[in-house]
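*Asks:* Line by line, the protein sequences are chains A and B. All the letters of the first sequence, read from the start, carry residue numbers 1462 to 1561 under the numbering used here. All the letters of the second sequence, read from the start, carry residue numbers 283 to 622 under the numbering used here.
It is possible that part of the hints are untrue.
Stated by the list, open to error - Just a few of them, taken from the derived set where beta-carbon distance is under 10 angstroms, the chain A residues facing chain B: (1) Tyr1466; (2) Ser1468; (3) Thr1487; (4) Glu1488; (5) Val1489; (6) Pro1491; (7) Gly1493; (8) Cys1510; (9) Cys1513; (10) Ala1524; (11) Gly1530; (12) Val1531; (13) Tyr1535; (14) Ile1538; (15) Gly1544.
Hint data in this document are derived by calculation from the structure and do not stem from the laboratory. Beta carbons are placed, not taken as given, at the ideal position from N, Cα and C, and that holds for glycine.
Spelled out from the first residue to the last, the chains are:
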Amino acid sequence: MKHKYLSNVSTLEYNTERCRSCGRCTEVCPHGVFAIEEKKAIVIAKDSCMECGACALNCPAGAIEVKAGVGCAYAIILSWFSGKEPTCGCADEDNDVCCG
Amino acid sequence: MSEEKFCCGFAGCCAAPKIPVVSTSLTAQDILGAWKVRFGIGRMDYTVEPGLYSIGQPDNASPVLVSANYKLTFDTLRKNLCALDCWLLILDTKGVNVWCAAGKGTFGTEELLYRIEKSELAEIVTHRRLILPQLGASGVNSNEILRRCGFSVIFGPVRADDIQKFIACGYTADQEMRIVKFTMRDRLVLTPLELVTAAKISLMVFGVLFLINLFAARPFGMRDFLAYTAAVLIGTVITPVLLPFIPGKAFAFKGWLVGILGTALIIWAYGWFSTPFLLLGLGYMLALPVHSAFLAMNFTGSSTYTSPSGVLKEMKIALPLIILSLLSGLVLILIKTLGG
Ligand code: SF4
Ligand code: SF4
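One chain only, chain B, in its complex shape:
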């Protein structure tokens, strides 16, 4: 533990002699690490050791903040705690952020009770208050915590950068601090991962196309590659980033709409709407926009406002249409490719 880069010593509290002190400034390495996980590199082991940490010079009256052991979450939190003296109780969420972990139950009632006991928190602080991130509320039953260990739970703001204000206001959050946002910046930082995932699947598609090319009368070339890549970018980057500005509510519809505009533009530019290529042009018009639609629909998993009932409804309508359109498009494309 003492080897960790964010630690700068140990708090000399007599009740618990070895509580690591955490620095509130991030190093270049922390920032590089954050970018790596956003691109899906080494994402799964980006964790910190669960347990109790101290920030500044807390005493037995200092507030206790609870968070997850995903390093990105931990870094965002400590960065926002400068000039504050407090305790930080980190739960073992297996390296998952607070909200997802709460949904899975790892940021949960049992784990919190266990960490309170294991860290001997009741001996370190004299008050009986815990500040939890609001998004942990779907995993933690605050009534149960109070009943079973005597600590009362206060749900703090959604965003870590409101914490100082929240504490200064006597542990109250205004409506603004309580609402989850999904800004263009939030969406933008999620897109690299969408793109990397789609690219991995695309490698398989390219493999199949390469095999087909061995028998093709009209082999796939650079133009086909560009049209396909555009469809992937539309589904994984353009639709997510422009999300609220695109008409419609269902993600699949939004992706399809941008997809059909983008594909039409490309096919038209290639001149594939005219006779020798018409079959190919139509095939792509059927196959590519629904590919964008499918990728956009997967972005529901990253969004902060889609309900499972809504997603299920969307999928039940969209999936059959996507499959139908994709298959008929592929048939047309194959006729042209193999028949010439």
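Just chain A, with the same shape it has in the complex:
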């Protein structure tokens, strides 16, 4: 069964003009958000985007922007107390909550 999370929240932005048709975004995205159509990347499933940032980091043309981060409630709560950006805390000594 396919998982569905909240719609219309992803910060993913894609600029077709810049695309160089390398296909890297379709290779790295773990949720099939991109596809190649008529030699250009297109966004086919924006609501599946989990904002991992892989596409933006690896696009050679700088055509993709996304505010990447960890989708973890616990990390976000910790960040409210620490005042820092939320990070996946799995490697910190006193925290063994997230990530298998």
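Knowing the structure of chain A, use the given hints to seat chain B with the ligands on it.
*Replies:* Chain B with the ligands in isolation, oriented as in the chain A frame:
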């Protein structure tokens, strides 16, 4: 290094004389170790030494696979490499799996460049190709790797058990291999850790209840304990396992929904919806389902599909409601407990 159980010798390559050869079969000890980390025992030091390893009898044309130094990741990978001759370049991710480490940046561009240089990989292989796990892509900038050290990065499949197929197909992955799944089995193996974490917090709750019992007109007993335990199980095990089958999208809502059904059933079975216990019954109806909701919301951290923007939105709506409902429930329960 030679003491490591998974090593079965050293590859006698002249350029780099001491590259450990890795076995592709897991021992009973490896499997026991995997279960221990799933329950959160000794989880933080379950690592392997970073560096270059060999599988089978690789030569200068054999593929190079890159992975993390979390032993569970390492074991899953080598188990899937039997009958293959290849090199394994292990990055120092501080014992964290590839995906989390990529998010943190430890499975990252700089670390990869450093390991390539330190292992003298360019002298060991004549080709210039690296196969990275796809989930490492959020930490590694492949353009930068190519530009700075001449190795081109190919992102392999998401799951290690597709690697043989991926290599056999000439380094191409079909759409199926590219998509992250989150099967019931995936979710099930994550639940022990959720449960252990919740149990640690529960010990504090029990401590407080014990103190209250010293003054209580109606002390907490076995029935209260069972209702509470059910709420914890609903949030940490039942909701995660049944996740896609529960209506709604937000994890907190899913947890609350199962929580309210479960709690209602228990309270009804106890007969706490009738007059002498009504206050207590209502108190639990307010306090316990939101406890399940909170625990379920924490499972977003283990899920493979929740975006930070989505989680933030969910939390902004759910947290105030959870706190409000919890506090009003606790007030009702305390009135009954102290007042009798
Ligand atoms: S990675 Fe960038 S340039 Fe390449 S296809 Fe995708 S959007 Fe286009
Ligand atoms: S941020 Fe991640 S999930 Fe979203 S489109 Fe890019 S690669 Fe896919």
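*Asks:* All hints, please: hold or fail.
*Replies:* Here is how each hint holds up against the structure:
1. Tyr1466: holds, 5 angstroms
2. Ser1468: holds, 8 angstroms
3. Thr1487: Cβ of A:Thr1487 sits 8 angstroms from chain B, so the hint holds.
4. Glu1488: Hint on A:Glu1488: holds, closest Cβ of chain B at ~5 angstroms, below 10 angstroms.
5. Val1489: With a minimum Cβ separation of about 4 angstroms from chain B (threshold 10 angstroms), the hint on A:Val1489 holds.
6. Pro1491: holds, 4 angstroms
7. Gly1493: holds, 5 angstroms
8. Cys1510: holds, 6 angstroms
9. Cys1513: holds, 4 angstroms
10. Ala1524: Constraint on A:Ala1524 not satisfied, violated at 13 angstroms.
11. Gly1530: holds, 4 angstroms
12. Val1531: holds, 6 angstroms
13. Tyr1535: At 5 angstroms from the nearest chain B Cβ, A:Tyr1535 passes the 10 angstroms test, so the hint holds.
14. Ile1538: holds, 8 angstroms
15. Gly1544: violated, 16 angstroms
When each numbered hint is compared with the structure, violations occur for hints 10 and 15.
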